[in-house]
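Visitor: As a plain string of letters, each chain reads:
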Amino acid sequence: MNAMMKKAPGRPLHPSKRKWTGDVILFNIVGYTLLAAFALLCFLPFYLVVVSSFEAESNLVREGFTLYLRDFSLESYKMSLKNPENILRAYGVTTTVTVIGTACSLLLCTMTGYVLSRKYFRARNFFSFFFFFTTLFSGGLVPWYIICVRYLNFKNHLYALILPMIFSVWNMIIAKSFMAGIPDALGESAKIDGANELVIFFKLMLPLSTPLLATLGLFSALAYWNDWYNCMLFVNKEEMYSLQYYLQTVLNSADAIRKAAAMSNGAAVIDTSAIPMEGMKMAMTVIAIGPIVLLYPFVQRYFVKGLTIGAVKG
Amino acid sequence: MAKKNDATVLHCKRNWLQRAGHEMRSNWLLFVMLLPAVVYVLIFNYWPMSGIVLAFKDYKTRLGIFGSPWVGLTNFEFLKISGKLGLLTWNTLSYNLIFILLSIVLEMGFAIILNEVVGKRFKKTLQTVMFLPYFISWVVVSAIMYNIFNYEKGTFNVIATSMGLDAFDLYNTGSAWRVVIPIVNAWKKTGYGMVVYLAAITALDQDMFEAASIDGANVWQKIRHITIPCLVPQMMILTLLAIGNVFRGDFGLFYQTVKTNANILPYTDVLDTYVFRSLMTTGDIGMSAAAGLYQSILCFVTICAANFLVKKVQPDYALF
Chain A
1 MNAMMKKAPG
11 RPLHPSKRKW
21 TGDVILFNIV
31 GYTLLAAFAL
41 LCFLPFYLVV
51 VSSFEAESNL
61 VREGFTLYLR
71 DFSLESYKMS
81 LKNPENILRA
91 YGVTTTVTVI
101 GTACSLLLCT
111 MTGYVLSRKY
121 FRARNFFSFF
131 FFFTTLFSGG
141 LVPWYIICVR
151 YLNFKNHLYA
161 LILPMIFSVW
171 NMIIAKSFMA
181 GIPDALGESA
191 KIDGANELVI
201 FFKLMLPLST
211 PLLATLGLFS
221 ALAYWNDWYN
231 CMLFVNKEEM
241 YSLQYYLQTV
251 LNSADAIRKA
261 AAMSNGAAVI
271 DTSAIPMEGM
281 KMAMTVIAIG
291 PIVLLYPFVQ
301 RYFVKGLTIG
311 AVKG
Chain B
1 MAKKNDATVL
11 HCKRNWLQRA
21 GHEMRSNWLL
31 FVMLLPAVVY
41 VLIFNYWPMS
51 GIVLAFKDYK
61 TRLGIFGSPW
71 VGLTNFEFLK
81 ISGKLGLLTW
91 NTLSYNLIFI
101 LLSIVLEMGF
111 AIILNEVVGK
121 RFKKTLQTVM
131 FLPYFISWVV
141 VSAIMYNIFN
151 YEKGTFNVIA
161 TSMGLDAFDL
171 YNTGSAWRVV
181 IPIVNAWKKT
191 GYGMVVYLAA
201 ITALDQDMFE
211 AASIDGANVW
221 QKIRHITIPC
231 LVPQMMILTL
241 LAIGNVFRGD
251 FGLFYQTVKT
261 NANILPYTDV
271 LDTYVFRSLM
281 TTGDIGMSAA
291 AGLYQSILCF
301 VTICAANFLV
311 KKVQPDYALF
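Line by line, the protein sequences are chains A and B. 1 is the number of the first residue of the first sequence in the working numbering; add one for each residue after it. 1 is the number of the first residue of the second sequence in the working numbering; add one for each residue after it.
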């Protein structure tokens, strides 16, 4: 009986068992005030960006960004999407990099984790340290950058956006400790039935590791989707800008917007004051975070799960 | 099974070379599966480690890393003369220490509150909202910063001036960044850290809380005498791990929020941003590599020291 109760340690007290004494009421009032204040602080910036993206540019120029919407207008979005090739291309680059990168990263991390989780693999301690040492000491940015650019020809290649983030020692350790938790007997019996390590890994361990795959996949996909750093280091061709880096260039340079607007109008002479610059920056931000925020409520629980998987040290 | 026993008996008589050979033969497929990651780490981690010699060289693109001439400690001397090293180290260290303190208070505090208040659905919604900033990139954070703190058009100044106050020029007030950067950092990461603590709280034995209630403990007493003491080990581990990384600045945070405002750099420049700027903007490769090596060594020493402490406090949680 006792053991059964221990199995669900997170089980909250049944509401009827809670007594509404003074301290409980006071705690709930104080607690909700603090929580609501912080949650509002987290939410408000997103709200501001969305409101500004729908604001008429003339208001933004005259009065700046405000807390409420004054005149609803789609001109910022129309202007951003007038010449959609840039955005679509950036979306294409980011999607390609995210899909290929996440798939390869998952395979590499779980396969390495699998090998290092095998207790009969005698070299596992040596290799565990071989990988782990890289998290303790690194050569720094400069030698890494020079090797990537000079010896590995990273400049303006798609693999420059994929390779730097493809292998994470931490993800590998999470995979290793997860797979070490799967009973050895399963692998052993498959071996007796004549399966080799590759078959055991692909046919047995991966199907049993779906929670791990979901979590690591999401962490990795988020890292690829939000990456601007590698693009900033290795890419200087506009056709290869990732979404976040494209947003960065839009935010940073008014020239880029003027250029885009000039191209979309097909005329060199345009009234620069009529270009929705402030609103366009905000609209571009919304376009860039849209997919993440829409997907977020559905994937959030996998992140929460992953944090608990990761808490188990290997 | 019998075969395995034979192998163990034989294994005792072999020397290490024969053992390695036997291991290679019996587990060759495992070695093959390990190969991609090993090759990757050799190329992208161990090869650059040999590149630390750059800190002692005058790098010429034509000659490459290993062909460039040696210059001894000149790069470090230049770094010392520029007088930046102390400031950069102090900035990196002080910001990270503030982040650590803030994260303990906010993450643990909100986790405890969220665990204790009633209303399941409302709790879930709040948690979702607080986790949201973790999911966006630093570029988006910089867009948000622009929206709020822009001198002429930012929401902050629009509200301030409408209330008759003076507009506040954040991008020309260096000292204000000592407050703004910790807030931005806490804004982005509290939701994530809170979930880590929340997981630790829900893993606690609920019988303790029930027993305390029966004995007449109120909410505050339960938090003070059960929840917080139970979270201390978790907190210690997370803090010591963070202390191990105290010389590693969050590049995205410092680069994207500050951008390249030269007049506030003394307040916001950390080792990571300095190394990046020397490499990409000024092209001062030798000095950049020297600063990078200096940081790598500092990091290595602090991580080892932090791990030593973890080992003393709670050996199970030691990294190595």
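Read the hints as simulated data drawn from the structure, not as lab findings. Don't take each hint at face value.
Stated by the list, open to error - Below, computed lysine to any residue pairings styled on SDA-like, alpha-carbon distance capped at 25 Å:
1) A:Lys155 with B:Lys120
2) B:Lys123 with B:Cys230
3) A:Lys191 with B:Ser26
4) A:Lys305 with B:Pro36
5) A:Lys203 with A:Tyr47
6) A:Lys203 with A:Lys78
7) A:Lys119 with B:Glu23
8) B:Lys188 with A:Leu67
9) B:Lys222 with A:Val24
10) B:Lys259 with A:Tyr47
11) A:Lys305 with B:Tyr40
12) A:Lys119 with B:Tyr40
13) B:Lys123 with A:Ile29
14) B:Lys188 with A:Phe298
15) B:Lys311 with A:Arg124
16) B:Lys124 with A:Lys78
17) B:Lys189 with A:Lys155
18) A:Lys78 with B:Asn150
19) A:Lys155 with B:Asp58
20) B:Lys189 with A:Phe129
21) A:Lys119 with B:Leu17
22) B:Lys120 with A:Thr66
23) A:Lys305 with B:Leu17
24) A:Lys203 with A:Ser189
25) B:Lys124 with A:Trp20
26) B:Lys259 with A:Thr249
27) B:Lys189 with A:Lys78
Stated by the list, open to error - Rough simulated footprint, nothing fancy, chain B against chain A, three-plus residues with beta-carbon under 8 Å:
28) 33-45
29) 54-60
30) 63-77
31) 93-99
32) 158-170
33) 203-214
What the hints assert, rightly or not - Derived CB-CB ranges, DEER-like:
34) B:Thr202 with A:Pro291: 28 to 34 Å
35) A:Leu74 with B:Phe300: 23 to 29 Å
36) A:Phe129 with B:Gly67: 28 to 34 Å
37) B:Met163 with A:Tyr159: 50 to 56 Å
38) A:Ala36 with B:Ile228: 48 to 54 Å
39) B:Lys312 with A:Leu208: 36 to 42 Å
40) B:Leu73 with A:Lys191: 29 to 35 Å
We put the CB at the ideal spot given by N, CA and C, even for glycine.
Visitor: Evaluate each hint against the coordinates.
Guide: Evaluated hints:
| no. | hint | verdict |
| --- | --- | --- |
| 1 | A:Lys155 with B:Lys120 | 51 Å, violated |
| 2 | B:Lys123 with B:Cys230 | 22 Å, holds |
| 3 | A:Lys191 with B:Ser26 | 13 Å, holds |
| 4 | A:Lys305 with B:Pro36 | 28 Å, violated |
| 5 | A:Lys203 with A:Tyr47 | 46 Å, violated |
| 6 | A:Lys203 with A:Lys78 | 50 Å, violated |
| 7 | A:Lys119 with B:Glu23 | 13 Å, holds |
| 8 | B:Lys188 with A:Leu67 | 21 Å, holds |
| 9 | B:Lys222 with A:Val24 | 11 Å, holds |
| 10 | B:Lys259 with A:Tyr47 | 23 Å, holds |
| 11 | A:Lys305 with B:Tyr40 | 29 Å, violated |
| 12 | A:Lys119 with B:Tyr40 | 24 Å, holds |
| 13 | B:Lys123 with A:Ile29 | 13 Å, holds |
| 14 | B:Lys188 with A:Phe298 | 20 Å, holds |
| 15 | B:Lys311 with A:Arg124 | 22 Å, holds |
| 16 | B:Lys124 with A:Lys78 | 36 Å, violated |
| 17 | B:Lys189 with A:Lys155 | 32 Å, violated |
| 18 | A:Lys78 with B:Asn150 | 24 Å, holds |
| 19 | A:Lys155 with B:Asp58 | 23 Å, holds |
| 20 | B:Lys189 with A:Phe129 | 29 Å, violated |
| 21 | A:Lys119 with B:Leu17 | 20 Å, holds |
| 22 | B:Lys120 with A:Thr66 | 34 Å, violated |
| 23 | A:Lys305 with B:Leu17 | 44 Å, violated |
| 24 | A:Lys203 with A:Ser189 | 13 Å, holds |
| 25 | B:Lys124 with A:Trp20 | 22 Å, holds |
| 26 | B:Lys259 with A:Thr249 | 12 Å, holds |
| 27 | B:Lys189 with A:Lys78 | 34 Å, violated |
| 28 | 33-45 | holds (count 9) |
| 29 | 54-60 | violated (count 1) |
| 30 | 63-77 | holds (count 5) |
| 31 | 93-99 | violated (count 0) |
| 32 | 158-170 | holds (count 4) |
| 33 | 203-214 | violated (count 0) |
| 34 | B:Thr202 with A:Pro291: 28 to 34 Å | 31 Å, holds |
| 35 | A:Leu74 with B:Phe300: 23 to 29 Å | 54 Å, violated |
| 36 | A:Phe129 with B:Gly67: 28 to 34 Å | 32 Å, holds |
| 37 | B:Met163 with A:Tyr159: 50 to 56 Å | 53 Å, holds |
| 38 | A:Ala36 with B:Ile228: 48 to 54 Å | 23 Å, violated |
| 39 | B:Lys312 with A:Leu208: 36 to 42 Å | 37 Å, holds |
| 40 | B:Leu73 with A:Lys191: 29 to 35 Å | 57 Å, violated |
Going through the hint list in order, the structure does not satisfy hints 1, 4, 5, 6, 11, 16, 17, 20, 22, 23, 27, 29, 31, 33, 35, 38 and 40.
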